[in-house]
Amino acid sequence: IYFTALLIHREARDEHQCRRKYGLAWEKYCQRVPYRIFPYIY
184 IYFTALLIHR EARDEHQCRR KYGLAWEKYC QRVPYRIFPY IY
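Heads up: the sequence shown begins at 184 in my numbering, then just goes up one per residue.
Hints listed in this document are in silico derivations from the structure and should not be mistaken for laboratory results.
Because the structure is a prediction, the values reported are computed rather than measured.
Don't be surprised by glycine CBs; every beta carbon is placed ideally from N, CA and C.
Fair warning: there could be bad hints in the mix.
Pair by pair, the computed Cβ-Cβ distance ranges are [unchecked claim]: (1) I184 to G206: 33 to 43 Å; (2) Y205 to Y225: 33 to 43 Å; (3) Y185 to Q214: 26 to 36 Å; (4) A208 to Y185: 25 to 35 Å.
Model the full assembly from the supplied sequences, consistent with the hints where possible.
The following block contains the structure:
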């Protein structure tokens with residue numbers, strides 16, 4: 184459970200940084216890849 188919490192927190196930070204760094208390209212990537220960590224779950 185601890186590792187999962189850390190993984191989700193890390194994903195949120197990475198999402199924010201990538202959105203700032205890559206802008207529109209990141210938006211397009213997120214549309215093509217809808218899951219962040221676990222396919223078909225989250």
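Status of each hint after checking the structure:
no., hint, verdict
1, I184 to G206: 33 to 43 Å, "34 Å, holds"
2, Y205 to Y225: 33 to 43 Å, "21 Å, violated"
3, Y185 to Q214: 26 to 36 Å, "32 Å, holds"
4, A208 to Y185: 25 to 35 Å, "33 Å, holds"
Checked against the numbered hints given earlier, the structure breaks only hint 2 and satisfies all the rest.
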